[in-house]
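Asks: Residue numbers (my numbering), protein chains in the order written: chain A, 1 to 127; chain B, 128 to 341.
It is worth saying that the hints were derived from the structure and are not from the lab. Using N, Cα and C, we set each Cβ at its ideal position, and we do this for glycine too. It is possible that part of the hints are untrue.
Reference listing, derived: stretches of chain A covered by chain B, where coverage requires no fewer than 3 residues with Cβ under 8 Å from a Cβ of chain B [said to hold, decoys possible]:
id, segment
1, 57-67
2, 75-85
Derived lysine-lysine pairs resembling DSSO-like cross-links, with alpha carbons at most 27 Å apart [to be verified]:
id, chain 1, residue 1, chain 2, residue 2
3, A, Lys124, A, Lys12
4, A, Lys69, A, Lys123
5, A, Lys123, A, Lys12
6, A, Lys69, B, Lys301
7, A, Lys48, A, Lys124
8, A, Lys123, A, Lys48
9, A, Lys12, B, Lys302
10, A, Lys12, B, Lys322
11, A, Lys12, A, Lys48
Here are some of the chain B residues that sit facing chain A, going by a computed Cβ distance under 10 Å [as the list claims (entries may be wrong)]:
id, residue
12, Ala144
13, Ile146
14, Gly150
15, Val151
16, Gln165
17, Val166
18, Leu168
19, Val170
20, Gln174
21, Met260
22, Ile272
23, Val273
24, Arg274
25, Asp276
26, Gln333
27, Lys334
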Amino acid sequence: MQYNVLVVDDSKLARMVMASAFRRIRPEWTLVETANADEALAAVSTKKIDIALIDFNMPDTDGLELVAKIHKTHPGMPVAVVSANVQDEIIGRARELNAGFIPKPLTDDALAAFLSGAALRLKKVAT
Amino acid sequence: MSPNGIDLTEIEQDALAEIANMGVSRAANSLRQMVGEQVLLSVPSVQIVTRLAASKLVERNDAKRLVAVQQSFEGPFDGRALLIFPEAHSLELVRSIVGNEHSLDDVIDLEQEALAETGNIILNGCLATIANMLHRTMRMSLPSIVRGDGAILFGSDTSAEQFVLFLYIDFNIKKRDVRGFIALLMDLPSIAALKEIVNDYVNSIQKQSPSHVG
Numbered sequence: 001m002q003y004n005v006l007v008v009d010d011s012k013l014a015r016m017v018m019a020s021a022f023r024r025i026r027p028e029w030t031l032v033e034t035a036n037a038d039e040a041l042a043a044v045s046t047k048k049i050d051i052a053l054i055d056f057n058m059p060d061t062d063g064l065e066l067v068a069k070i071h072k073t074h075p076g077m078p079v080a081v082v083s084a085n086v087q088d089e090i091i092g093r094a095r096e097l098n099a100g101f102i103p104k105p106l107t108d109d110a111l112a113a114f115l116s117g118a119a120l121r122l123k124k125v126a127t
Numbered sequence: 128m129s130p131n132g133i134d135l136t137e138i139e140q141d142a143l144a145e146i147a148n149m150g151v152s153r154a155a156n157s158l159r160q161m162v163g164e165q166v167l168l169s170v171p172s173v174q175i176v177t178r179l180a181a182s183k184l185v186e187r188n189d190a191k192r193l194v195a196v197q198q199s200f201e202g203p204f205d206g207r208a209l210l211i212f213p214e215a216h217s218l219e220l221v222r223s224i225v226g227n228e229h230s231l232d233d234v235i236d237l238e239q240e241a242l243a244e245t246g247n248i249i250l251n252g253c254l255a256t257i258a259n260m261l262h263r264t265m266r267m268s269l270p271s272i273v274r275g276d277g278a279i280l281f282g283s284d285t286s287a288e289q290f291v292l293f294l295y296i297d298f299n300i301k302k303r304d305v306r307g308f309i310a311l312l313m314d315l316p317s318i319a320a321l322k323e324i325v326n327d328y329v330n331s332i333q334k335q336s337p338s339h340v341g
């Protein structure tokens with residue numbers, strides 16, 4: 001099964017790192033890259049997005065606020081917050097929002113683990 | 128083009144901000160463990176500015192009297208990392224680390240040592256994350272404490288017009304009246320070396336090297 005994954009990060013470098021990891025782990029999946037919350041919300045409402053990976057520390061709307069907004073319209077979408085900010089409060093708030101947490105610097109293992117879980121959840125919903 | 132002849136491209140600027148952000152975010156978690164409260168961070172700022180302009184950026188409104196813990200680093204590029212806060216916040220930071228049960232005299236006695244140790248943990252954490260990401264080794268000096276205005280902290284009293292690479296992130300500790308900056312300062316020769324390393328790093332991601340890239 002192939003999925004469309006939304007990547008939200010204000011850093012182009014971070015999006016490149018993410019795209020590079022996908023080329024190794026899930027080369028057949030499609031990435032939709034956006035640089036802020038507004039672009040991300042537009043993508044979610046106009047495109048078929050299955051999974052979202054969202055940076056925490058962004059100007060204006062932060063990643064946790066964006067997760068909450070996306071879940072309002074797409075409650076079942078597997079979402080992870082991606083951040084080097086590994087403070088308990090951030091991880092705890094992600095969990096409360098029913099989102100995963102992937103630490104930066106990004107590793108293939110951490111990303112692969114989240115994506116496997118997300119794919120399983122999507123399959124369950126589909127059957 | 129900036130007047131100093133060295134300019135950062137868009138992707139270099141972006142990469143430095145992201146790398147600094149990761150270093151500081153990791154370091155903020157160490158501070159969070161020490162004070163037991165969430166540490167809030169701003170988005171990073173990366174600029175090539177004069178020492179004078181850098182010193183003005185950390186002097187905000189009421190807070191010209193600053194305290195900084197600083198560590199020099201040497202390696203493929205050299206510079207200084209600083210944890211800076213208004214002098215008025217220094218004792219509150221120490222108090223939030225050592226606990227409320229200590230008297231003011233105790234806190235004043237502990238101040239120097241507590242600041243050095245806090246700076247050491249935070250700045251080392253930040254620099255170690257950056258060094259690991261870039262696959263480089265950096266040597267760090269012992270922390271020292273500097274008090275004064277921005278000019279004293281950044282040496283702009285003697286070389287105000289000299290250009291430096293200045294990266295900084297604001298932090299503040301939720302529920303405590305403590306805020307400040309984590310800043311990295313590098314001179315021109317180091318900027319050129321850093322540009323090269325950052326470009327290697329960006330290229331390694333684009334080339335999709337099979338090894339782990341970050």
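Asks: Run every hint past the structure and note whether it holds.
Replies: Hint by hint, here is what the structure shows:
no.: 1; hint: 57-67; in the structure: holds (count 3)
no.: 2; hint: 75-85; in the structure: holds (count 3)
no.: 3; hint: Lys124(A) to Lys12(A); in the structure: violated (33 Å)
no.: 4; hint: Lys69(A) to Lys123(A); in the structure: holds (23 Å)
no.: 5; hint: Lys123(A) to Lys12(A); in the structure: violated (31 Å)
no.: 6; hint: Lys69(A) to Lys301(B); in the structure: holds (24 Å)
no.: 7; hint: Lys48(A) to Lys124(A); in the structure: holds (18 Å)
no.: 8; hint: Lys123(A) to Lys48(A); in the structure: holds (16 Å)
no.: 9; hint: Lys12(A) to Lys302(B); in the structure: violated (33 Å)
no.: 10; hint: Lys12(A) to Lys322(B); in the structure: holds (16 Å)
no.: 11; hint: Lys12(A) to Lys48(A); in the structure: holds (23 Å)
no.: 12; hint: Ala144; in the structure: holds (7 Å)
no.: 13; hint: Ile146; in the structure: holds (8 Å)
no.: 14; hint: Gly150; in the structure: holds (8 Å)
no.: 15; hint: Val151; in the structure: holds (8 Å)
no.: 16; hint: Gln165; in the structure: holds (4 Å)
no.: 17; hint: Val166; in the structure: holds (7 Å)
no.: 18; hint: Leu168; in the structure: holds (6 Å)
no.: 19; hint: Val170; in the structure: holds (5 Å)
no.: 20; hint: Gln174; in the structure: violated (16 Å)
no.: 21; hint: Met260; in the structure: holds (6 Å)
no.: 22; hint: Ile272; in the structure: violated (26 Å)
no.: 23; hint: Val273; in the structure: violated (27 Å)
no.: 24; hint: Arg274; in the structure: violated (29 Å)
no.: 25; hint: Asp276; in the structure: violated (29 Å)
no.: 26; hint: Gln333; in the structure: holds (7 Å)
no.: 27; hint: Lys334; in the structure: holds (9 Å)
Going through the hint list in order, the structure does not satisfy hints 3, 5, 9, 20, 22, 23, 24, 25.
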